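Novice: Chain residues, written in single-letter form:
Protein chains: 2
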Amino acid sequence: MTRIDLYDTTLRDGAQAEGISYSVRDKLHIAERLDALGLHYIEGGWPGSNPKDAEFFRQAKRLPWRNAQLAAFGSTRRAAHAAKDPNLRALLAAETRVVTIFGKTWDLHVRNVLGISLQDNLRLIEDSVRFLKRHGRTVIYDAEHFFDGYKANRTYALKSLEAAAQGGADTIVFCDTNGGSLPEEVTRLIADAKRGLSVPLGIHTHNDSDLAVATSIAAVAAGCRQVQGTINGYGERCGNANLVSLIAVLQLKMGYHCVPEEKLKELTPVAHYVAEISNVSLPTNRPFVGASAFAHKGGVHVNAVMKDPQTYEHLDPATVGNQRRVLVSELSGRSSLVLKAQELALDLSKETPAAKRLLKLLQQLEHEGYHFEAAEGSLQLLLKRQLEHLKPFFTLEGFRIMIEKHDHKLVSEATITLRVNGVLEQTAAEGHGPVNALDNAIRKALRQFYPRLAEMHLSDFKVRVLDEKAGTAAKVRVLIESRDQEASWGTIGVSENIIEASWQALVDSVEYKLLKDQKSDVRGRRSVKATRRPRARSDRS
Amino acid sequence: MTRIDLYDTTLRDGAQAEGISYSVRDKLHIAERLDALGLHYIEGGWPGSNPKDAEFFRQAKRLPWRNAQLAAFGSTRRAAHAAKDPNLRALLAAETRVVTIFGKTWDLHVRNVLGISLQDNLRLIEDSVRFLKRHGRTVIYDAEHFFDGYKANRTYALKSLEAAAQGGADTIVFCDTNGGSLPEEVTRLIADAKRGLSVPLGIHTHNDSDLAVATSIAAVAAGCRQVQGTINGYGERCGNANLVSLIAVLQLKMGYHCVPEEKLKELTPVAHYVAEISNVSLPTNRPFVGASAFAHKGGVHVNAVMKDPQTYEHLDPATVGNQRRVLVSELSGRSSLVLKAQELALDLSKETPAAKRLLKLLQQLEHEGYHFEAAEGSLQLLLKRQLEHLKPFFTLEGFRIMIEKHDHKLVSEATITLRVNGVLEQTAAEGHGPVNALDNAIRKALRQFYPRLAEMHLSDFKVRVLDEKAGTAAKVRVLIESRDQEASWGTIGVSENIIEASWQALVDSVEYKLLKDQKSDVRGRRSVKATRRPRARSDRS
Numbered sequence: 001m002t003r004i005d006l007y008d009t010t011l012r013d014g015a016q017a018e019g020i021s022y023s024v025r026d027k028l029h030i031a032e033r034l035d036a037l038g039l040h041y042i043e044g045g046w047p048g049s050n051p052k053d054a055e056f057f058r059q060a061k062r063l064p065w066r067n068a069q070l071a072a073f074g075s076t077r078r079a080a081h082a083a084k085d086p087n088l089r090a091l092l093a094a095e096t097r098v099v100t101i102f103g104k105t106w107d108l109h110v111r112n113v114l115g116i117s118l119q120d121n122l123r124l125i126e127d128s129v130r131f132l133k134r135h136g137r138t139v140i141y142d143a144e145h146f147f148d149g150y151k152a153n154r155t156y157a158l159k160s161l162e163a164a165a166q167g168g169a170d171t172i173v174f175c176d177t178n179g180g181s182l183p184e185e186v187t188r189l190i191a192d193a194k195r196g197l198s199v200p201l202g203i204h205t206h207n208d209s210d211l212a213v214a215t216s217i218a219a220v221a222a223g224c225r226q227v228q229g230t231i232n233g234y235g236e237r238c239g240n241a242n243l244v245s246l247i248a249v250l251q252l253k254m255g256y257h258c259v260p261e262e263k264l265k266e267l268t269p270v271a272h273y274v275a276e277i278s279n280v281s282l283p284t285n286r287p288f289v290g291a292s293a294f295a296h297k298g299g300v301h302v303n304a305v306m307k308d309p310q311t312y313e314h315l316d317p318a319t320v321g322n323q324r325r326v327l328v329s330e331l332s333g334r335s336s337l338v339l340k341a342q343e344l345a346l347d348l349s350k351e352t353p354a355a356k357r358l359l360k361l362l363q364q365l366e367h368e369g370y371h372f373e374a375a376e377g378s379l380q381l382l383l384k385r386q387l388e389h390l391k392p393f394f395t396l397e398g399f400r401i402m403i404e405k406h407d408h409k410l411v412s413e414a415t416i417t418l419r420v421n422g423v424l425e426q427t428a429a430e431g432h433g434p435v436n437a438l439d440n441a442i443r444k445a446l447r448q449f450y451p452r453l454a455e456m457h458l459s460d461f462k463v464r465v466l467d468e469k470a471g472t473a474a475k476v477r478v479l480i481e482s483r484d485q486e487a488s489w490g491t492i493g494v495s496e497n498i499i500e501a502s503w504q505a506l507v508d509s510v511e512y513k514l515l516k517d518q519k520s521d522v523r524g525r526r527s528v529k530a531t532r533r534p535r536a537r538s539d540r541s
Numbered sequence: 001m002t003r004i005d006l007y008d009t010t011l012r013d014g015a016q017a018e019g020i021s022y023s024v025r026d027k028l029h030i031a032e033r034l035d036a037l038g039l040h041y042i043e044g045g046w047p048g049s050n051p052k053d054a055e056f057f058r059q060a061k062r063l064p065w066r067n068a069q070l071a072a073f074g075s076t077r078r079a080a081h082a083a084k085d086p087n088l089r090a091l092l093a094a095e096t097r098v099v100t101i102f103g104k105t106w107d108l109h110v111r112n113v114l115g116i117s118l119q120d121n122l123r124l125i126e127d128s129v130r131f132l133k134r135h136g137r138t139v140i141y142d143a144e145h146f147f148d149g150y151k152a153n154r155t156y157a158l159k160s161l162e163a164a165a166q167g168g169a170d171t172i173v174f175c176d177t178n179g180g181s182l183p184e185e186v187t188r189l190i191a192d193a194k195r196g197l198s199v200p201l202g203i204h205t206h207n208d209s210d211l212a213v214a215t216s217i218a219a220v221a222a223g224c225r226q227v228q229g230t231i232n233g234y235g236e237r238c239g240n241a242n243l244v245s246l247i248a249v250l251q252l253k254m255g256y257h258c259v260p261e262e263k264l265k266e267l268t269p270v271a272h273y274v275a276e277i278s279n280v281s282l283p284t285n286r287p288f289v290g291a292s293a294f295a296h297k298g299g300v301h302v303n304a305v306m307k308d309p310q311t312y313e314h315l316d317p318a319t320v321g322n323q324r325r326v327l328v329s330e331l332s333g334r335s336s337l338v339l340k341a342q343e344l345a346l347d348l349s350k351e352t353p354a355a356k357r358l359l360k361l362l363q364q365l366e367h368e369g370y371h372f373e374a375a376e377g378s379l380q381l382l383l384k385r386q387l388e389h390l391k392p393f394f395t396l397e398g399f400r401i402m403i404e405k406h407d408h409k410l411v412s413e414a415t416i417t418l419r420v421n422g423v424l425e426q427t428a429a430e431g432h433g434p435v436n437a438l439d440n441a442i443r444k445a446l447r448q449f450y451p452r453l454a455e456m457h458l459s460d461f462k463v464r465v466l467d468e469k470a471g472t473a474a475k476v477r478v479l480i481e482s483r484d485q486e487a488s489w490g491t492i493g494v495s496e497n498i499i500e501a502s503w504q505a506l507v508d509s510v511e512y513k514l515l516k517d518q519k520s521d522v523r524g525r526r527s528v529k530a531t532r533r534p535r536a537r538s539d540r541s
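In order, the protein sequence lines correspond to chains U and Z. Heads up: the first sequence is residues 1 to 541, going by our numbering. Heads up: the second sequence is residues 1 to 541, going by our numbering.
Next comes chain U alone, as it looks inside the complex (with noise of 0.2 Å):
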């Protein structure tokens, strides 16, 4: 099977997309799931345009990575002399096996961007590769504008790929910068080119014209054996080419290897995963990966799918990690419910009344907007307080939260009153806000009777409006993501009210470290029963 190498530019290009903004956090996170989907080439970001890329790159360091290789991006020189060109530094500087150099193809661009002569860009592609070479970097060019270029002047865009190749590129790399190209085009205009070229060819499309999947695979056909794109799309305009997309036909439908067989079910998680951290919510009719991908509504098709699911479905959804949908009578995986569990060393399975009835649960909440998939502590703790009857660390009793503004000055307050084994505790505190405020009133509350309370901190806060229509009056989801020493964990409150959602994934967050910190102290007293030290355990019983 022929090797398909997979470049991802989704903290790239992908950050381009008008409303997506990565923290370097965010950039780790997506990189390291990136690197567990086994693709081949993560870009990290251009260091030489903006202080939080460069900041990416020396955390990443530090990343184990098990199957990427990092590539830095910039252009090729602007100043005289490669050496003391900021953009080239800035790039070794980035410390990457791989970096990624755009260069001028088109001669428009020469003339009225750069404004310099023709010669001259020829001279900095090849000198500007070189330079990166001589440095021991595997250097991807990528010829920026290479379709445009070609139909405004063949004879010098085929000489600036002849540039990168003097020079040492590894790989060429076509680019339909502006997305505007057709398949067949592409397929032409590669045949073309190729022809003077003895360096390992590859793709990157925009979906302008909606054809980014279609003229990438036109130019896989064509000979090219890396393929730029972003994870869902993402990207300037209209995005560019998606890779998910691509790894689903390059794959299953046209008999490429792109990435080990048992990671394609990845793609639909992976999906969703990246747009949870984009902020922004994957479209349900998603090809391969959408809610709706493989929902079906129609009396007709319905019927039929049941009797052979080839009958309206182009792959069994499996393969890609989704599931088949029947809108209206939902039916869904109590296997995977049944797995879940397992996971947990929780008794269940397929055919107890407990797991019906759970999954009748979990579907009524995911219909009321719950989402489990980024907030695995509650999910936990769903099944726990469903199957093993987890009795409550505490009670509520009550809570007010006062916001005040006046003279510019704005005050939070919380008071809350809490019941722990039957104590009654009422406590009040400030904070920057109303559910900070709250948070902290919290802990005030419990900490003298679990002060392991202490070590942890919330991580991350993310709202999303769930019914966008509603505006103000919407329903909301909170997730949270709480950290201590030794591990993160995510949970989650839905209501139309976004203190009550708050203080939902709150309770859970807290409840989940106490469960965690009981097993671990169980666990701990039986192996090394000397260091015992007093608990938080003692006051609970």
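The hints are simulated quantities; they were obtained by calculation from the structure and are not laboratory data. A hint or two may mislead.
Stated by the list, open to error - Covered, in the sense of this in silico footprint (three residues per stretch, anywhere, with C-beta under 8 Å from a C-beta of chain Z), are these stretches of chain U: (1) 16-22; (2) 30-42; (3) 213-227; (4) 273-284; (5) 453-465; (6) 493-505.
To be verified - Label-pair distances were calculated between CB atoms; the ranges are: (7) Trp65/Z / Ala36/U: 53 to 59 Å; (8) Asp316/U / Pro269/Z: 38 to 44 Å; (9) Lys360/U / Lys409/Z: 41 to 47 Å; (10) Trp65/U / Arg188/Z: 39 to 45 Å; (11) Leu387/U / Glu368/Z: 25 to 31 Å; (12) Pro353/Z / Glu404/U: 37 to 43 Å; (13) Asp347/U / Arg58/Z: 57 to 63 Å; (14) Lys391/Z / Ala83/U: 22 to 28 Å.
These numbers were taken from a predicted model, which means no experiment stands behind them. Backbone N, C-alpha and C fix where the C-beta goes; we use that ideal spot for every residue, glycine too.
Based on the hints, put chain Z in the right spot on chain U.
Specialist: What follows is chain Z alone, placed relative to chain U:
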């Protein structure tokens, strides 16, 4: 120029999309708009399958059709005799000039879904077409699953097409019903099939492989002269081929004639109109017609586009009724700002101290977490406040919000004191949460001064945590989208306190509306002096 007939099935296949459900009125509205756009066929529904569709056909007869022919959709007969088949009778009862019927091409479907012999299926295809022809209809035959059927049993698939031709079909349409085919297959299979046919050909594809536009244009290149699809690609699972993209690609890039040249600029408004009626928001990155389709963010791109738009635009956005937008973000520079000011008819040139000061202010705000590319309303207000010394429409004296949870009941109440032209207004309101309560209180306090605020509502509310490490004490960014009958606008607020951030975004949202109306009032008064109505303006002077 070769003419391509456009066949829209938004009202039938589009309505199969998860979450879409049209009333008869919705359907009539959409049909009128698509007729005006110059489409050739509009499929109104399946009259045999539900009474709503039959009602649509009754009412649609009265519309003043200018360009399109209305088509009724149904299946080949199931009953022993065509004349007694309820489905075919319902098709005739719809009284459309055009009838489209689908038949089975794939032997698997004939055997396992219809449960009849292969021979019988051929007979009922031919019969059903002939019956409709005898009743004077133009008959379009949809060969369901043509490509899958061909791959499973080529001989039989081709025979089924011959049966339709024998029956007298006016057009035979190759359907990629499951959306699993590749462009290359479409080209090859149609080339083979058309050898035996002298009937005009059409194509109908689905987007399950992210290739629906590509397979459609491949079919046109292979000789199909009718293209079926839906506006915005609505449809079951991953949707149908997007007619909006197809019109643009076929006419602007491939030189076919689809709609009168002057209608192309209707593509953007039509796409948004149909999205609005479908109650679905149009993804901003939608090719040709999305709000981001010609939006430029990176500094390099913005600079180049200012010199020459074709450097990063595959076509002039005005051609399809869209427009260029410059996103002002951390990635861009002073030229973007100047361009944005020009867009707003504000006086700002690149070299003035005002431009430098504004840029510094913007960079400072973005550093603090503001993100104006998603909040053009706030950006406009900011520029106008800075450059035109905009007078505020009201000032805040103070507000207080109380959220109380007790006995599982949660109450949110806001009290607010505002000053409008010296008049003090104090009021209180409840809400589904603190922000909704505040929103309600502001509107209640202002409505006597500015009655037109009643026209506006909040259509989206997004919250993003900026500094995740800080947990619930983190800075949050609130983005609000508001709309009235004519427009929508985004506003932003940033603070460690979600209530303060929401307050900022709410104030901008209201001020934007008031400023917009002020301007349109002035315009209105200039042009139609006689029809002046009492207006909010008077409250302010």
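Novice: So, for every hint listed, does it hold in this structure?
Specialist: Okay, the hints, checked on the actual structure:
no. : hint                            : in the structure
1   : 16-22                           : holds (count 5)
2   : 30-42                           : violated (count 0)
3   : 213-227                         : holds (count 5)
4   : 273-284                         : holds (count 3)
5   : 453-465                         : holds (count 9)
6   : 493-505                         : holds (count 8)
7   : Trp65/Z / Ala36/U: 53 to 59 Å   : holds (56 Å)
8   : Asp316/U / Pro269/Z: 38 to 44 Å : holds (41 Å)
9   : Lys360/U / Lys409/Z: 41 to 47 Å : violated (27 Å)
10  : Trp65/U / Arg188/Z: 39 to 45 Å  : holds (42 Å)
11  : Leu387/U / Glu368/Z: 25 to 31 Å : violated (47 Å)
12  : Pro353/Z / Glu404/U: 37 to 43 Å : holds (40 Å)
13  : Asp347/U / Arg58/Z: 57 to 63 Å  : holds (60 Å)
14  : Lys391/Z / Ala83/U: 22 to 28 Å  : violated (56 Å)
Taken one by one, the earlier hints fail for this structure at numbers 2, 9, 11 and 14, listed in ascending order.
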